[in-house]
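Engineer: Each chain, letter by letter, is given below.
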Amino acid sequence: AQSVTQLDSQVPVFEEAPVELRCNYSSSVSVYLFWYVQYPNQGLQLLLKYLSGSTLVKGINGFEAEFNKSQTSFHLRKPSVHISDTAEYFCAVSVPYSSASKIIFGSGTRLSIRP
Amino acid sequence: EAQVTQNPRYLITVTGKKLTVTCSQNMNHEYMSWYRQDPGLGLRQIYYSMNVEVTDKGDVPEGYKVSRKEKRNFPLILESPSPNQTSLYFCATRDMMENTGELFFGEGSRLTVL
Chain A
1 AQSVTQLDSQ VPVFEEAPVE LRCNYSSSVS VYLFWYVQYP NQGLQLLLKY
51 LSGSTLVKGI NGFEAEFNKS QTSFHLRKPS VHISDTAEYF CAVSVPYSSA
101 SKIIFGSGTR LSIRP
Chain B
116 EAQVTQNPRY LITVTGKKLT VTCSQNMNHE YMSWYRQDPG LGLRQIYYSM
166 NVEVTDKGDV PEGYKVSRKE KRNFPLILES PSPNQTSLYF CATRDMMENT
216 GELFFGEGSR LTVL
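Sequences listed follow chains A and B, in order.
When we follow my numbering, the leftmost residue of the first sequence carries the number 1, and every step to the right adds one.
When we follow my numbering, the leftmost residue of the second sequence carries the number 116, and every step to the right adds one.
You may find that some hints are simply not true.
To be verified - Pairs of lysine-lysine, DSS-like flavour, derived with a Cα cap of 25 angstroms:
#1 A/K102 with B/K186
#2 B/K133 with B/K184
#3 B/K172 with A/K102
Unchecked claim - Between beta-carbon pairs, the in silico distance windows are:
#4 B/Y125 with A/S112: 20 to 26 angstroms
#5 A/N41 with B/V129: 29 to 35 angstroms
#6 A/N41 with B/K133: 24 to 30 angstroms
#7 B/S197 with A/P40: 37 to 43 angstroms
#8 A/K58 with B/K172: 46 to 52 angstroms
Keep in mind the hints are simulated off the structure, nothing from the lab.
Each residue gets a CB set at the ideal place from its N, CA and C atoms; glycine is no exception.
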């Protein structure tokens, strides 16, 4: 079975500072990895995904994530955050070619940006 | 525009009063799913459907029912709501042919059961 751990429930950061949101996963098989973002009063939308190939994945709004197989991590980073990045961020995994089609979500990290 | 539409967006009800949250999608996706989001617990899957007339339990199905009579609609039914079903609910779809597991979400329905 797969599981996802987001190590920080809340991350406060000053505007224009860098940020890293941590995600670790557990799986006995290869997985696809995702970061979703939820802005206030909205549904989740895909930020970026890792399927295969280059371990550094770039997403929307200047975010990127690095897949590290040996550390089973998929941390999300942005070099300089903006007030508009205030949101909750969810890491998720799915199993390729799985007929059950299940995505497992982490518990979320709330990013708050201070001016 | 590709959309997943949920209604109502906000609802306050009382214990035991049956309610239905509707979900409709225009992307012709086979797969549809319901999640509930609670603080500190992330998203937990309630039910999912891989095609018309095919539904299956997720991780937290107790107290909920679903139906899939048409491809575009996947209503969530609470026959006798209880306060522990107070939550934020999301409907999501995915393209089974695309096979990465990427989900497309509705904007959410916030339910309060008194």
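Engineer: Does A/K102 sit within 25 angstroms of B/K172, going by the straight-line distance between their CA atoms?
Structural biologist: With a Cα-Cα distance of about 11 angstroms, the restraint between B/K172 and A/K102 holds, given a limit of 25 angstroms.
Engineer: Starting from the hint 37 to 43 angstroms, judge whether the C-beta atoms of B/S197 and A/P40 obey it.
Structural biologist: The hint (37 to 43 angstroms, Cβ to Cβ) is violated, given that B/S197 and A/P40 are roughly 27 angstroms apart.
Engineer: What's the verdict on A/K102 and B/K186, does the C-alpha distance respect the 25 angstroms limit or exceed it?
Structural biologist: The given pair, whose Cα atoms are some 19 angstroms apart, holds under the 25 angstroms limit.
Engineer: Honestly, do B/Y125 and A/S112 meet the 20 to 26 angstroms range at C-beta?
Structural biologist: Given a distance of about 24 angstroms, which is inside 20 to 26 angstroms, the answer is holds.
Engineer: Between A/N41 and B/K133, is the Cβ distance one that fits in 24 to 30 angstroms?
Structural biologist: 26 angstroms, holds
Engineer: Given the range 29 to 35 angstroms, decide if the beta-carbon distance of A/N41 to B/V129 lies inside it.
Structural biologist: With Cβ atoms ~24 angstroms apart, the hint is violated.
Engineer: That 46 to 52 angstroms hint for A/K58 and B/K172 (C-beta), does it hold up?
Structural biologist: 37 angstroms, violated
Engineer: Is B/K133 close enough to B/K184, meaning Cα to Cα at most 25 angstroms?
Structural biologist: Distance ~20 angstroms between B/K133 and B/K184 Cα, so the pair holds.
The structure shown violates the earlier hints numbered 5, 7 and 8.
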